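A.B. asks: Mind docking chain B on chain A? Use the hints.
Number of protein chains: 2
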Amino acid sequence: MKILLDSMGGDNAPDANIRGAVNAINKIKAEVILIGKEEVIRAKIKEFYGKEMEEISDRLKIRNATETIEMEDTPTVAIKHKKDSSMVVGFKMLKENEGDVFISAGNSGALLTGATLLVGRIKGIDRPALAGILPAYKSQLLLIDAGSNTNCKPINLLQFAQMSSIYLRNTFQIESPAIGLLNIGTEETKGNELVRESYQLLKEKAEELNINFVGNVEGRDAFSGKIDAIVADGFTGNVFLKTTEGLGKFVKKSLTESFTKNLLAKIFSIPALPAIKRFSKTMDYKSYGGALFLGVKKPVVKAHGSSDALLFEYTLIQAEKFVKNKAVDKMIEEFEKEPKDKI
Amino acid sequence: MKILLDSMGGDNAPDANIRGAVNAINKIKAEVILIGKEEVIRAKIKEFYGKEMEEISDRLKIRNATETIEMEDTPTVAIKHKKDSSMVVGFKMLKENEGDVFISAGNSGALLTGATLLVGRIKGIDRPALAGILPAYKSQLLLIDAGSNTNCKPINLLQFAQMSSIYLRNTFQIESPAIGLLNIGTEETKGNELVRESYQLLKEKAEELNINFVGNVEGRDAFSGKIDAIVADGFTGNVFLKTTEGLGKFVKKSLTESFTKNLLAKIFSIPALPAIKRFSKTMDYKSYGGALFLGVKKPVVKAHGSSDALLFEYTLIQAEKFVKNKAVDKMIEEFEKEPKDKI
Chain A
222 MKILLDSMGG DNAPDANIRG AVNAINKIKA EVILIGKEEV IRAKIKEFYG
272 KEMEEISDRL KIRNATETIE MEDTPTVAIK HKKDSSMVVG FKMLKENEGD
322 VFISAGNSGA LLTGATLLVG RIKGIDRPAL AGILPAYKSQ LLLIDAGSNT
372 NCKPINLLQF AQMSSIYLRN TFQIESPAIG LLNIGTEETK GNELVRESYQ
422 LLKEKAEELN INFVGNVEGR DAFSGKIDAI VADGFTGNVF LKTTEGLGKF
472 VKKSLTESFT KNLLAKIFSI PALPAIKRFS KTMDYKSYGG ALFLGVKKPV
522 VKAHGSSDAL LFEYTLIQAE KFVKNKAVDK MIEEFEKEPK DKI
Chain B
222 MKILLDSMGG DNAPDANIRG AVNAINKIKA EVILIGKEEV IRAKIKEFYG
272 KEMEEISDRL KIRNATETIE MEDTPTVAIK HKKDSSMVVG FKMLKENEGD
322 VFISAGNSGA LLTGATLLVG RIKGIDRPAL AGILPAYKSQ LLLIDAGSNT
372 NCKPINLLQF AQMSSIYLRN TFQIESPAIG LLNIGTEETK GNELVRESYQ
422 LLKEKAEELN INFVGNVEGR DAFSGKIDAI VADGFTGNVF LKTTEGLGKF
472 VKKSLTESFT KNLLAKIFSI PALPAIKRFS KTMDYKSYGG ALFLGVKKPV
522 VKAHGSSDAL LFEYTLIQAE KFVKNKAVDK MIEEFEKEPK DKI
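So the sequence lines, in the order shown, correspond to chains A and B. Here the first sequence stands for residues 222 to 564, numbered as in this note's numbering. Here the second sequence stands for residues 222 to 564, numbered as in this note's numbering.
It is possible that some hints are incorrect.
The list makes no distinction among identical chains, and a pair is therefore deemed to hold if it is satisfied within one copy or across any two copies.
As the list claims (entries may be wrong) - Calculated lysine to aspartate or glutamate pairs in the DMTMM-like style (CA-CA distance at most 20 Å, straight line):
1) 547 x 414
2) 359 x 259
3) 447 x 478
4) 267 x 428
5) 374 x 414
6) 344 x 550
7) 223 x 554
8) 474 x 442
9) 473 x 439
10) 223 x 541
11) 359 x 466
In short, the hints are calculated from the structure, not lab data. Everything numeric in this text was worked out from a predicted model, so none of it was measured.
So that you can see chain A by itself, here it is in the shape it has in the complex (with noise of 0.2 Å):
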């Protein structure tokens, strides 16, 4: 397996990439082929681990490319345009069989522009979209979309409900996946104009497709363990994602200053760290990974734009998972026999 990595996209580009790739090495069997400038990669290497790349692991590889998307570029424009970009060379790679997996913690509009127009769309699905992987309790949760398609139509949200469905069975081995609506309240009448026709089609279309819909959820039951996938446009989704994101980071600050408050609260805290680590464990949304582009004919993975050498880790080794389940192939055959179920 060979998995491609842009190391010249995202906030903390190309230190942590390359980072992350190496302390993901020896964690996963794959080989990864880190795009981007090579001259500054291996110069980065050498200073980072006082060897050449080839001494690490000969499982790492190199393929140059000269440009970088940045995130100011205008998605469209840098796809055509930025031939050899980290980012294009991804993409064209993984197309041509170069590599079973694209990750990148670019610019996240070119990184959907690119994965439509470069790699395609899944026979059958209008509108690919960002899959996020959230803690819940006792489980995790699926967000789709969580941020790719800010204007949608209620046949995308049953797309997206069909394809967690896919996806949950496949990965997560959940025979029958509970899929929700996120709205403001749970009765049928409750929510925009776009939730309320969602709810509708997704009722209709439900047993046919072989969909476990559970109806609307709230926000506030969405960490319950009880529901597997949240279906909901990338405008609200995103808004979801960022929102549990930032009480996270509050909570954490919180709990730390709250342990830290004086010497005494932090000699009293010592016999409760175990607890504490495992409670941050449960909270770490790094520990998820990053979200998958669902749609699309490839596994494309989006890592998070701040991406650390720690999240760059996690998200090499569920990228290889990602592979080794085949969820795409499975996406692809499911949508394609469907036609001929309906019969």
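C.D. replies: Positioned in the frame of chain A, the structure of chain B alone reads:
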């Protein structure tokens, strides 16, 4: 001062409402008028406390109202037809100056309809909105609209920003409250149509309307303590609110379980209990009381639907402060003077 309490509204009514009022009565100076079925209220008080209402406090009163607006009732129909319901009676008393503030944990839609139809909007405000107060890092965050207007226009968001500025200036003594627009990125091109247009309108009108508009704010930065109010349409705002609630519950559950996983963890966490309590208090949304309907001519407070006795107690205490601060009078004053300022 007289506080009007809808004693029949909410998931735990009338028990929690009555207990909350009895608990609060010695912590406030106001009179509390319990609105609802007199016989039921009197019987409950006797059952809970073994004495008559008059023996508890001479500031505890009853106004009989024979009907109740249920959660399933259609708001406009209920307000128009259930004329002797605790909610409609409460609004009428408020309008006729038989009380200074009305609190209800009942049907939100009916409460909004009643506030608008029976009490009336402040001149210059198209849509009153629910303003909730959330905890933030070393401070608090005002969220407006927390859920009353599912479909909004940019002018509504501009007015929400104005109302929260006036409110925070007068009630929290924040001279120049920082008002952010809830969005999925900080750049002005981010978001859906509503937020992009609202951004432009806010930018254009901020100086004229004395709004310290700090631009787009992502959920992840909302709790940093740097933002005093966050503006959103009622759908997005409610998703934001309930997501923080949901994550808050999940955090508490996980934290408790981490500290009680086994006997050793339990014992070891004893010395850290004060720190844990300190942290839990920061995270306790309940101590922040109810949400306010800003934009109506008299103070209306929406208590949480699932309020227990403690939450009713907090909400009563907060409502007394709300009246003392003359927040609504100042709102009317500022909105009415504005046209003159513009000349």
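A.B. asks: All the hints need checking, so say for each whether the structure fits it.
C.D. replies: Right, here's what the structure says about each hint:
no.: 1; hint: 547 x 414; result: neither (36 Å within a copy, 37 Å between copies)
no.: 2; hint: 359 x 259; result: neither (43 Å within a copy, 46 Å between copies)
no.: 3; hint: 447 x 478; result: between (32 Å within a copy, 18 Å between copies)
no.: 4; hint: 267 x 428; result: neither (57 Å within a copy, 53 Å between copies)
no.: 5; hint: 374 x 414; result: both (10 Å within a copy, 14 Å between copies)
no.: 6; hint: 344 x 550; result: within (12 Å within a copy, 60 Å between copies)
no.: 7; hint: 223 x 554; result: neither (22 Å within a copy, 67 Å between copies)
no.: 8; hint: 474 x 442; result: between (24 Å within a copy, 13 Å between copies)
no.: 9; hint: 473 x 439; result: between (24 Å within a copy, 18 Å between copies)
no.: 10; hint: 223 x 541; result: within (9 Å within a copy, 65 Å between copies)
no.: 11; hint: 359 x 466; result: both (18 Å within a copy, 18 Å between copies)
The structure does not agree with the numbered hints 1, 2, 4, 7 stated previously, though it agrees with the rest.
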